[in-house]
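Colleague: Here's the letter readout for the chains.
There are 2 protein chains.
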Amino acid sequence: MSGGVAGPDALAPLVSTVLDALVKGAKTRGGPVAPGSPEEAAVAVAEAFHGVGATGAGGHTSQTSQTGHTSPAGQTSQTGHTSPAAHTSPAALDRLTELLAHGSADPADASCAAHLHCPPLAVAVAADLAVSALNPSQDSWDQAPAATVLETLLLQELAELVGYDRERAAGVLTSGGTESNLMGLMLARDRVLGAATGRQIELTGLRPALGARPRILASAVAHFSVQRAAALLGLGEDAVLCVPVDEQLRMDTDALAALLDGCAERGELPIAIVATAGTTDTGSVDPLRACAALAAEHGAWLHVDAAYGGGALLSDRLAPLLDGLELADSLSLDWHKLGWQPAAAGVFLVAESETYASLARRAVYLNPADDEEAGYPSLLGLSLRTTRRADAFKIAVTLRTLGREGLGRLVDACHELALSGARTARNHPCLELYAEPVLTAFVFRYLPVDADEKHGDDEQRSDDINAALRRRLLREGRAVVGRTELPGEGPGRVRLKLTLLNPHTTAEEVERLLLEVVAAGRAEEEAAALR
Amino acid sequence: MSGGVAGPDALAPLVSTVLDALVKGAKTRGGPVAPGSPEEAAVAVAEAFHGVGATGAGGHTSQTSQTGHTSPAGQTSQTGHTSPAAHTSPAALDRLTELLAHGSADPADASCAAHLHCPPLAVAVAADLAVSALNPSQDSWDQAPAATVLETLLLQELAELVGYDRERAAGVLTSGGTESNLMGLMLARDRVLGAATGRQIELTGLRPALGARPRILASAVAHFSVQRAAALLGLGEDAVLCVPVDEQLRMDTDALAALLDGCAERGELPIAIVATAGTTDTGSVDPLRACAALAAEHGAWLHVDAAYGGGALLSDRLAPLLDGLELADSLSLDWHKLGWQPAAAGVFLVAESETYASLARRAVYLNPADDEEAGYPSLLGLSLRTTRRADAFKIAVTLRTLGREGLGRLVDACHELALSGARTARNHPCLELYAEPVLTAFVFRYLPVDADEKHGDDEQRSDDINAALRRRLLREGRAVVGRTELPGEGPGRVRLKLTLLNPHTTAEEVERLLLEVVAAGRAEEEAAALR
Numbered sequence: 000m001s002g003g004v005a006g007p008d009a010l011a012p013l014v015s016t017v018l019d020a021l022v023k024g025a026k027t028r029g030g031p032v033a034p035g036s037p038e039e040a041a042v043a044v045a046e047a048f049h050g051v052g053a054t055g056a057g058g059h060t061s062q063t064s065q066t067g068h069t070s071p072a073g074q075t076s077q078t079g080h081t082s083p084a085a086h087t088s089p090a091a092l093d094r095l096t097e098l099l100a101h102g103s104a105d106p107a108d109a110s111c112a113a114h115l116h117c118p119p120l121a122v123a124v125a126a127d128l129a130v131s132a133l134n135p136s137q138d139s140w141d142q143a144p145a146a147t148v149l150e151t152l153l154l155q156e157l158a159e160l161v162g163y164d165r166e167r168a169a170g171v172l173t174s175g176g177t178e179s180n181l182m183g184l185m186l187a188r189d190r191v192l193g194a195a196t197g198r199q200i201e202l203t204g205l206r207p208a209l210g211a212r213p214r215i216l217a218s219a220v221a222h223f224s225v226q227r228a229a230a231l232l233g234l235g236e237d238a239v240l241c242v243p244v245d246e247q248l249r250m251d252t253d254a255l256a257a258l259l260d261g262c263a264e265r266g267e268l269p270i271a272i273v274a275t276a277g278t279t280d281t282g283s284v285d286p287l288r289a290c291a292a293l294a295a296e297h298g299a300w301l302h303v304d305a306a307y308g309g310g311a312l313l314s315d316r317l318a319p320l321l322d323g324l325e326l327a328d329s330l331s332l333d334w335h336k337l338g339w340q341p342a343a344a345g346v347f348l349v350a351e352s353e354t355y356a357s358l359a360r361r362a363v364y365l366n367p368a369d370d371e372e373a374g375y376p377s378l379l380g381l382s383l384r385t386t387r388r389a390d391a392f393k394i395a396v397t398l399r400t401l402g403r404e405g406l407g408r409l410v411d412a413c414h415e416l417a418l419s420g421a422r423t424a425r426n427h428p429c430l431e432l433y434a435e436p437v438l439t440a441f442v443f444r445y446l447p448v449d450a451d452e453k454h455g456d457d458e459q460r461s462d463d464i465n466a467a468l469r470r471r472l473l474r475e476g477r478a479v480v481g482r483t484e485l486p487g488e489g490p491g492r493v494r495l496k497l498t499l500l501n502p503h504t505t506a507e508e509v510e511r512l513l514l515e516v517v518a519a520g521r522a523e524e525e526a527a528a529l530r
Numbered sequence: 000m001s002g003g004v005a006g007p008d009a010l011a012p013l014v015s016t017v018l019d020a021l022v023k024g025a026k027t028r029g030g031p032v033a034p035g036s037p038e039e040a041a042v043a044v045a046e047a048f049h050g051v052g053a054t055g056a057g058g059h060t061s062q063t064s065q066t067g068h069t070s071p072a073g074q075t076s077q078t079g080h081t082s083p084a085a086h087t088s089p090a091a092l093d094r095l096t097e098l099l100a101h102g103s104a105d106p107a108d109a110s111c112a113a114h115l116h117c118p119p120l121a122v123a124v125a126a127d128l129a130v131s132a133l134n135p136s137q138d139s140w141d142q143a144p145a146a147t148v149l150e151t152l153l154l155q156e157l158a159e160l161v162g163y164d165r166e167r168a169a170g171v172l173t174s175g176g177t178e179s180n181l182m183g184l185m186l187a188r189d190r191v192l193g194a195a196t197g198r199q200i201e202l203t204g205l206r207p208a209l210g211a212r213p214r215i216l217a218s219a220v221a222h223f224s225v226q227r228a229a230a231l232l233g234l235g236e237d238a239v240l241c242v243p244v245d246e247q248l249r250m251d252t253d254a255l256a257a258l259l260d261g262c263a264e265r266g267e268l269p270i271a272i273v274a275t276a277g278t279t280d281t282g283s284v285d286p287l288r289a290c291a292a293l294a295a296e297h298g299a300w301l302h303v304d305a306a307y308g309g310g311a312l313l314s315d316r317l318a319p320l321l322d323g324l325e326l327a328d329s330l331s332l333d334w335h336k337l338g339w340q341p342a343a344a345g346v347f348l349v350a351e352s353e354t355y356a357s358l359a360r361r362a363v364y365l366n367p368a369d370d371e372e373a374g375y376p377s378l379l380g381l382s383l384r385t386t387r388r389a390d391a392f393k394i395a396v397t398l399r400t401l402g403r404e405g406l407g408r409l410v411d412a413c414h415e416l417a418l419s420g421a422r423t424a425r426n427h428p429c430l431e432l433y434a435e436p437v438l439t440a441f442v443f444r445y446l447p448v449d450a451d452e453k454h455g456d457d458e459q460r461s462d463d464i465n466a467a468l469r470r471r472l473l474r475e476g477r478a479v480v481g482r483t484e485l486p487g488e489g490p491g492r493v494r495l496k497l498t499l500l501n502p503h504t505t506a507e508e509v510e511r512l513l514l515e516v517v518a519a520g521r522a523e524e525e526a527a528a529l530r
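Order-wise, the sequence lines are chains A and B. Under numbering that gives the first Met the number 0, think of the first position of the first sequence as 0, with each following residue one higher. Under numbering that gives the first Met the number 0, think of the first position of the second sequence as 0, with each following residue one higher.
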């Protein structure tokens, strides 16, 4: 066991095993991702997984242990049955950790730049180890005395960072923007529908008697978790009205106003506006003040999805992009994006703690009323979860180690990288830049050389080549590049994307990565010509 | 950064700092929990949190760093501003880790036995460090090539353990039983209501046109997350019909049958039956076969909440308790309960992968169709989350290190401890045992000595003393004991609970813990007499 005074002694050799295996795996990987097809990778993992250790989960039918398979690192498993004694053999830990490292797409590599998938800071990873070892659970004080207080203090500090009144705001750590967006929309649903029906939605459900169709308004490039939340909440995906965007992919607030007016005319109930502060693909930030004014006018909740853009709050240069964020009723922040935390490090905040009412719960075994009267606080009513890891701890340690200023420099470094990469893409004859970086990402594509000459459907051919070059880079272990589609271009128009979240990457490395894209595009064109 | 070939070198000294600070904190804590009131604990944490490090999150208004406060360990913070260089000072990490350890309720201590809050195995904690360092995210293959495959293989093995067909089953790692229960009920809602309305609920929402009121049936001692899920899903908490329980706190299936018949008569739609395999307080297991037969008869989904009891699958002795589990349409397992994993290690499984349909999602930037055709698998459509930590890894390493047999011995050891503790409680004149342990927990109370003599409302007095003695044990740092209420006793009847999840605890330690309860009860009686 990892706890108590003796726990760290039991942990120390196992942690050494892990660190050594991480190095071995990174070396055999030799780049951002291991070369090979997904099938080859799957076979290697399956062989190692079935090859190490002893009995397996087994189940009602006993399972035969397979041994002797070759690992991606060329090793052979020799482990037999292990005993459940305190000093367990680290063979499986060693082997599977090496396998995980070998088979990772490592965001610490300059050529791994597809997603909002950050390389975590070592100090945050070390802090997270303390959380694993002590295993506090945030659903009751007596499972997490210090961690309960730390989470509350951290959230007050983050509320202040956002511009909320730290005494009036409230929040909770979440698994990420998807859960935070769900929470914001749930509170919006319960508040507005509760008011509309004159009863608490939590007690009545969405009864057939309910008249007006609830609506959520979000831009065409808002995260798909908005639709998912609407479905989960029982409102239906088509409760979400997609608001058109302007040329910079920001919500068109004239269109938003018109859609809101249309709701009023049709007797629909606009329960929430979801503004995005940092869209996944281009980092675009919706006009938050205008959204807030329209939300107030129509009695709708304003939720701001700042899962990506929230990191701009750390940077003096970029923070002005989020002007008006403090007007949101609720918002999502993800410190596992522009915050360099290992997942999960999501944060959900509301401006006014009393709007949290519909989640409040009294569980006799977790937060009895007389314990709360006796001064034992409970975070249970702030989360959709019950058992909950103390994800606040690593964020608190990171903030105290680097400070806002130190983290802001990391944000600025990534922003510079994106600006520099976009310049390269704009100037290269074989690349086409779509959107200037707002935060740390930009969208582009490879332009086939002989686009205009032989082929009828050039767009389709470009899409095929861009999709294939990206898979080629993955398969050859050279780069992990993102792809997406842009609004107004119709489905299937393949665009590539770089999301730069590693502040240690250099501008030269980004340029080399773009040249890899060009080379892979050429190779795909040649391969297509031979077919 | 923690990744790459160089990452482990950056991590090593920070990990040492953490291990040392964990020892320091455990020593100054000196028991299951630090002595003191919750207010005192909060003040100490706030002083340390504001005292270390430099700039804080700051926000729009700059924040003054407070230094010089005294930590619970008697140290003084001396850290000034730190730079965001690669080699950061570990002062904040050291100080806050010690604080977290000092202010934890440590489940590795024999006297910390309140909740389903397990001491994690060192090997699982070490494996989780690899996950933090590499930061794979399970929402797309190109963020987690090996981890995607490992999760799939682990789930197949767990499906087999449950008795499912491993090729037909599907599932996902979750944050715990609450999320798993939500997923089961969401699929039940979408399947049955989709069929009833002839349309997919995910596309239509719970329209006013929907006729029959949806119902969920769960026992009176099912986890409160069932009601929470009903509220979140828009069905309303009162969509849950509480089924009475028998003397052993198992669902009364005659009563269930009658309630189902009642639904039919009232034109209500029983969308799901939630059976519990291991209730939180007493570990009771509902009759799974009978529940499955009734679910089939009434066209309802059977979800089994085996978050606690699923651990019995690891034990030859206890596995028969779960007879019929394989008949569930979906189920919840939590390896951060009887599985000794650091949170989170929840698992959601369905028997038939096609029933997952309503969650399927195509996000152009995560799982484009042509990538899937090219062999790149995606787990996105299996989870409610987007970014998702690779919690499967630590479970896989643990299974391969200890095997089912090794883990089963840990389960049996905890079961023995509970039987032995229950014997002690039954035989002690000042203790009253309520429910025999089914798994590893039992419910009891302290009996005030002069109960019958001077006081009119003996039950109220017993409740006050039991609640107060538990807080006294916490305040004095002597023990963390659970409390709950039992069905049929009316609200406010305080019962105590021990949940034994530490296989290294001895029967003598459990006996001593119960004697601490008696001593604290006496002390509360004396204190009450003086008032």
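Don't read these hints as lab results, they were simulated from the structure. Source: prediction; values computed, not measured. It is possible that some hints are incorrect.
[Unchecked claim] Computed cross-link-like contacts, DMTMM-like style, restricted to lysine to aspartate or glutamate with a CA-CA straight-line distance of at most 25 Å:
(1) B:Lys-26 - B:Asp-462
(2) A:Lys-26 - B:Asp-8
(3) B:Lys-26 - B:Asp-93
(4) A:Lys-23 - B:Asp-93
(5) A:Lys-26 - A:Glu-484
(6) B:Lys-26 - A:Asp-8
(7) A:Lys-26 - A:Glu-431
(8) B:Lys-26 - B:Asp-8
(9) B:Lys-23 - B:Glu-508
(10) A:Lys-23 - A:Asp-93
(11) B:Lys-23 - A:Glu-507
(12) B:Lys-23 - B:Glu-38
Colleague: What's the verdict on A:Lys-23 and A:Asp-93, does the C-alpha distance respect the 25 Å limit or exceed it?
Modeller: 10 Å, holds
Colleague: Quickly compare the C-alpha distance for B:Lys-23 and B:Glu-508 to 25 Å and report which way the hint goes.
Modeller: 24 Å, holds
Colleague: Would the hint linking A:Lys-26 and B:Asp-8 be met if the CA-CA limit is 25 Å?
Modeller: 14 Å, holds
Colleague: Sort out whether B:Asp-462 lies within 25 Å of B:Lys-26, counting only the CA atoms.
Modeller: Cα-Cα ~34 Å, so violated.
Colleague: Check whether the Cα positions of A:Lys-26 and A:Glu-484 lie no farther apart than 25 Å.
Modeller: At roughly 34 Å apart (the allowed maximum being 25 Å), A:Glu-484 and A:Lys-26 break the hint.
Colleague: Between A:Lys-23 and B:Asp-93, does the CA-CA distance stay at or below 25 Å?
Modeller: Judged against 25 Å, a Cα distance of about 28 Å means the pair is violated.
Colleague: Hint check: B:Lys-26 vs A:Asp-8, CA-CA at most 25 Å. Holds or violated?
Modeller: Given that 25 Å is the threshold and the Cα spacing comes to 14 Å, the pair holds.
Colleague: Is the Cα-Cα distance between B:Lys-23 and A:Glu-507 25 Å or less?
Modeller: 45 Å, violated
Colleague: For B:Lys-23 and B:Glu-38, compute the direct alpha-carbon distance and say whether it is at most 25 Å.
Modeller: 23 Å, holds
Colleague: Given the hint that A:Lys-26 pairs with A:Glu-431, does the C-alpha gap stay at or below 25 Å?
Modeller: 34 Å, violated
Colleague: Does B:Asp-93 sit within 25 Å of B:Lys-26, going by the straight-line distance between their CA atoms?
Modeller: 15 Å, holds
Colleague: For the pair supplied as a hint, B:Lys-26 and B:Asp-8, is the alpha-carbon distance within the 25 Å limit?
Modeller: 28 Å, violated
This entry does not satisfy hints 1, 4, 5, 7, 8 and 11, going by the numbered hints stated previously.
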